[in-house]
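K.L.:
Letter by letter, the chains look like this.
There are 2 protein chains.
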Amino acid sequence: MPDMRFVYNDLGREFGRWFDWIIGAAEIYDYGRYPVKGMGVWMPYGFRLRRYVIELLREVLDSRGHEEILLPLLIPDFILAKESEHIRGFEGQVYWVTRGGFEELDVKLALRPTSETPLSYMESFWIKSYKQLPKKYYQIVSMFRYETKATRPMLRVREVTMFKEAHTVHEDFDDSERQVLEAIEAYKEFFDKLGIPYVISKRPEWDKFAGAIYTIAFDTLMPDGKALQIGTVHNLGQNFTKVFEVRIQRRDQSIDYAWQTSYGVSERVIASLISVHGDSKGLRILYKIAPIQVVIIPIPAGSSKEKEAVIKEAHALRERLLKEGIRVHVDDDPDRTPGEKYNIWEMKGVPIRLEIGPKELREGTVTVFRRDKKVRVRVKIEELADFIKRLGKEIDEELKKQAWEKFKSKVKMFSNVEDAKKFFEQDVGIVEIPWCGKEECASEVAEALGADALGTPLDKDVDVSGMKCPTCGAPAVTLMRYAKKY
Amino acid sequence: MPDMRFVYNDLGREFGRWFDWIIGAAEIYDYGRYPVKGMGVWMPYGFRLRRYVIELLREVLDSRGHEEILLPLLIPDFILAKESEHIRGFEGQVYWVTRGGFEELDVKLALRPTSETPLSYMESFWIKSYKQLPKKYYQIVSMFRYETKATRPMLRVREVTMFKEAHTVHEDFDDSERQVLEAIEAYKEFFDKLGIPYVISKRPEWDKFAGAIYTIAFDTLMPDGKALQIGTVHNLGQNFTKVFEVRIQRRDQSIDYAWQTSYGVSERVIASLISVHGDSKGLRILYKIAPIQVVIIPIPAGSSKEKEAVIKEAHALRERLLKEGIRVHVDDDPDRTPGEKYNIWEMKGVPIRLEIGPKELREGTVTVFRRDKKVRVRVKIEELADFIKRLGKEIDEELKKQAWEKFKSKVKMFSNVEDAKKFFEQDVGIVEIPWCGKEECASEVAEALGADALGTPLDKDVDVSGMKCPTCGAPAVTLMRYAKKY
Numbered sequence: 133m134p135d136m137r138f139v140y141n142d143l144g145r146e147f148g149r150w151f152d153w154i155i156g157a158a159e160i161y162d163y164g165r166y167p168v169k170g171m172g173v174w175m176p177y178g179f180r181l182r183r184y185v186i187e188l189l190r191e192v193l194d195s196r197g198h199e200e201i202l203l204p205l206l207i208p209d210f211i212l213a214k215e216s217e218h219i220r221g222f223e224g225q226v227y228w229v230t231r232g233g234f235e236e237l238d239v240k241l242a243l244r245p246t247s248e249t250p251l252s253y254m255e256s257f258w259i260k261s262y263k264q265l266p267k268k269y270y271q272i273v274s275m276f277r278y279e280t281k282a283t284r285p286m287l288r289v290r291e292v293t294m295f296k297e298a299h300t301v302h303e304d305f306d307d308s309e310r311q312v313l314e315a316i317e318a319y320k321e322f323f324d325k326l327g328i329p330y331v332i333s334k335r336p337e338w339d340k341f342a343g344a345i346y347t348i349a350f351d352t353l354m355p356d357g358k359a360l361q362i363g364t365v366h367n368l369g370q371n372f373t374k375v376f377e378v379r380i381q382r383r384d385q386s387i388d389y390a391w392q393t394s395y396g397v398s399e400r401v402i403a404s405l406i407s408v409h410g411d412s413k414g415l416r417i418l419y420k421i422a423p424i425q426v427v428i429i430p431i432p433a434g435s436s437k438e439k440e441a442v443i444k445e446a447h448a449l450r451e452r453l454l455k456e457g458i459r460v461h462v463d464d465d466p467d468r469t470p471g472e473k474y475n476i477w478e479m480k481g482v483p484i485r486l487e488i489g490p491k492e493l494r495e496g497t498v499t500v501f502r503r504d505k506k507v508r509v510r511v512k513i514e515e516l517a518d519f520i521k522r523l524g525k526e527i528d529e530e531l532k533k534q535a536w537e538k539f540k541s542k543v544k545m546f547s548n549v550e551d552a553k554k555f556f557e558q559d560v561g562i563v564e565i566p567w568c569g570k571e572e573c574a575s576e577v578a579e580a581l582g583a584d585a586l587g588t589p590l591d592k593d594v595d596v597s598g599m600k601c602p603t604c605g606a607p608a609v610t611l612m613r614y615a616k617k618y
Numbered sequence: 133m134p135d136m137r138f139v140y141n142d143l144g145r146e147f148g149r150w151f152d153w154i155i156g157a158a159e160i161y162d163y164g165r166y167p168v169k170g171m172g173v174w175m176p177y178g179f180r181l182r183r184y185v186i187e188l189l190r191e192v193l194d195s196r197g198h199e200e201i202l203l204p205l206l207i208p209d210f211i212l213a214k215e216s217e218h219i220r221g222f223e224g225q226v227y228w229v230t231r232g233g234f235e236e237l238d239v240k241l242a243l244r245p246t247s248e249t250p251l252s253y254m255e256s257f258w259i260k261s262y263k264q265l266p267k268k269y270y271q272i273v274s275m276f277r278y279e280t281k282a283t284r285p286m287l288r289v290r291e292v293t294m295f296k297e298a299h300t301v302h303e304d305f306d307d308s309e310r311q312v313l314e315a316i317e318a319y320k321e322f323f324d325k326l327g328i329p330y331v332i333s334k335r336p337e338w339d340k341f342a343g344a345i346y347t348i349a350f351d352t353l354m355p356d357g358k359a360l361q362i363g364t365v366h367n368l369g370q371n372f373t374k375v376f377e378v379r380i381q382r383r384d385q386s387i388d389y390a391w392q393t394s395y396g397v398s399e400r401v402i403a404s405l406i407s408v409h410g411d412s413k414g415l416r417i418l419y420k421i422a423p424i425q426v427v428i429i430p431i432p433a434g435s436s437k438e439k440e441a442v443i444k445e446a447h448a449l450r451e452r453l454l455k456e457g458i459r460v461h462v463d464d465d466p467d468r469t470p471g472e473k474y475n476i477w478e479m480k481g482v483p484i485r486l487e488i489g490p491k492e493l494r495e496g497t498v499t500v501f502r503r504d505k506k507v508r509v510r511v512k513i514e515e516l517a518d519f520i521k522r523l524g525k526e527i528d529e530e531l532k533k534q535a536w537e538k539f540k541s542k543v544k545m546f547s548n549v550e551d552a553k554k555f556f557e558q559d560v561g562i563v564e565i566p567w568c569g570k571e572e573c574a575s576e577v578a579e580a581l582g583a584d585a586l587g588t589p590l591d592k593d594v595d596v597s598g599m600k601c602p603t604c605g606a607p608a609v610t611l612m613r614y615a616k617k618y
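Protein chains in written order, with my numbering: chain E, 133 to 618; chain W, 133 to 618.
What the hints contain is simulated information worked out from the structure, not anything from laboratory work.
Some hints here could point you the wrong way.
Note that the list lumps identical chains together, so a pair holds whenever it fits in one copy or between two copies.
Once the Cα atoms are required to be at most 27 Å apart in a straight line, the calculated DSSO-like pairs of lysine-lysine come out as [unchecked claim]:
| id | residue 1 | residue 2 |
| --- | --- | --- |
| 1 | K616 | K334 |
| 2 | K267 | K473 |
| 3 | K263 | K533 |
| 4 | K214 | K169 |
| 5 | K260 | K473 |
Based on the sequences and whatever the hints tell you, model everything.
P.N.:
In structure tokens form, the structure reads like this:
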């Protein structure tokens, strides 16, 4: 195991180094060695974590009537370019396939940067009547952006390998608005299950998705105080259905263009899981999604017969827990000491460790160690499975609680820019400042703070009566959130 | 539902039309409308079928110690070209990304045609010692081939969206040979679970995978008598580890290049499932992997109160079966007659249908219809869940039996080319003909038959004592299989 010669601390000044270290050490994601910039390899342990997160994501969507599909990766240029705002927003960062075998292609093919255009094209064949609506599709795919900014593993990559994009179709504007709310509820449930804290903001007009009528975003905070966008929801209006001619018969027999929304999350969710729950020893993975929920470390001592008995009991325990549907692993590597194993599995974030030696064997007990609080307790063998299941839930609640507490302490309201600036100098958080509604005022504040405007709060009641825009002095109409963004 | 004005028959002369019809009508795969040749859209029902097939595939691999990973899609040209045989085999059919945003890329990037090269490159960092071996990786990804032959939905496409490629590393040749056998066993289990019949052949030297020392293939038969390659297993020797310098310390402390195998299956598995089990009414899906295992059709009659009671009971039944882990759907669409619903769900291949009307309600029974044999039986409500689970297994066995019987009748041995030719004129099967081992003799037979040489049998004892090569008259050393290939 590589040395970690630095400490992950509350202010997170070492966060970047910590993150690079842990994704490698825990065998999550191999980054920087693959010979294409901004692209990495998901390793077995990381991939299993992904699998469980994706399972959760599918549950959240399937239970709300979403249907999974799969569109081709390649989009012909004339399809991608059909909606003018959309192509303006994306053309600077699209990868193009121009050759097949030894031939130049007649039509350039884009690697999907997102799928509004090809799906709307197909919907023009599929959807004819309000009776088919609402229709909710999604896919989980690789998505490509030729990023010009500095790339960062999982956080800003050129191949986003876990892009979940949902696309819905509606008979009128009202139903698309209802869908936006449903999407927000779905993402809240998803992030809540993962214990990832967030604010929900309406992105400013000048920062909305290219082709949307508005964009709503979920942002969380990394330990270094920078905000990370982890989910977005767009109302697309009729922008795409008009250019792709997705026409439906409405209830009153009239023909109209359908309405659409789209919403997405990516592997930034995994990056958030790692970052918001981790500590100086490494990962702390939620029980619910842990690739290994319980690791058993036999601690052989005494005569060789006694040693054998301990190893045997460890495996018997494994069998018993497997039958209870618990994902369990025995580390009986003879070349490592128990202490070394403790370090490795704590670093890998396994939520529960069982230690079993001759004493436990004699007493019919097991020592249970919980990774989140680093405390031990003795449990009787016959109560173990139930104890573990209860403890798993408790650990998930505890991690969620800790993450939200830390997060909330970093979101603060200020009536003036100076105090907000001082807050930012500590390298932390999201600030909320009264705003008059004018772009230039928000831009001025953002520049003074060295931050970006995240948008206006949707997740709390905003009362700005009597408050003024610190820039122009006009009465505030709402709050604007600012943060340094990833 | 579109009319099916033709009949799917045993000889399968209409197979092409039937296949195109069913993948559209059953909402499996939308092909031919997406504006890029050779690429289609997986629709919700087809995608769910895929999900269950992939689950099965993961079980088969995970239980044998394979670890799932995910490599980038894009491979730099200098990596893809490193093994000379390999690039010669693939360069004619690789898609190239040459532009990002408004810039020409310095290095051309290939869309993965297969991943031996980038993975071997990464293994040179990961694998250092025999202690880490054997190592078994796999990924399930999109793979691209700029096919010059005519494309066919799922059977020959330019984006293969369900490419499962496994890649293994070994300390010596013997262990790589053991792995080849393990891979064959794994695929046998997989195809057996899906009731897909196959022959296993060693591909002739001139038809092996580019970069392998030899290739073993699983072939099944489509209803039109053409052979479809559904799985391949390659022993790669040290061909890739030498050029990518994957060096390991061996048991005796010496340093050597590692040995590798690779093996793959694709969505041709889904195409096979559809084709080998289907009939003139449409799909017959195995219970194990059916997106909907049981469909409930309420048959309301009598007073409106009685009608209501039937609908209510249908939903109560659904709840009960759901709790038993059965994937069940109620079709209570008031706009369709029960007869229309029967046709739709038979076409979609749902293995078990429950019909419930006032009579069943009074008697506390349900009418159970099995799709495979199209027979009905009455079952008491309280015995229903167990009955369904038993019946599900029975259906899967029956479909498997039928498929194998049909398949076996189409694989025949002939000692001369003329009889084999007559057999082929009926449009069916695989023929086995004594062979002396010379390429030119096999080529001559293949040409005379208008077929391809599939390879030599690995799945049966071959006794060719006294037999002669029909071309050169020399003593036969084995059999060669021939078929018209997809």
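K.L.:
Failing hints, ascending?
P.N.:
Per hint list: single violation, 3.
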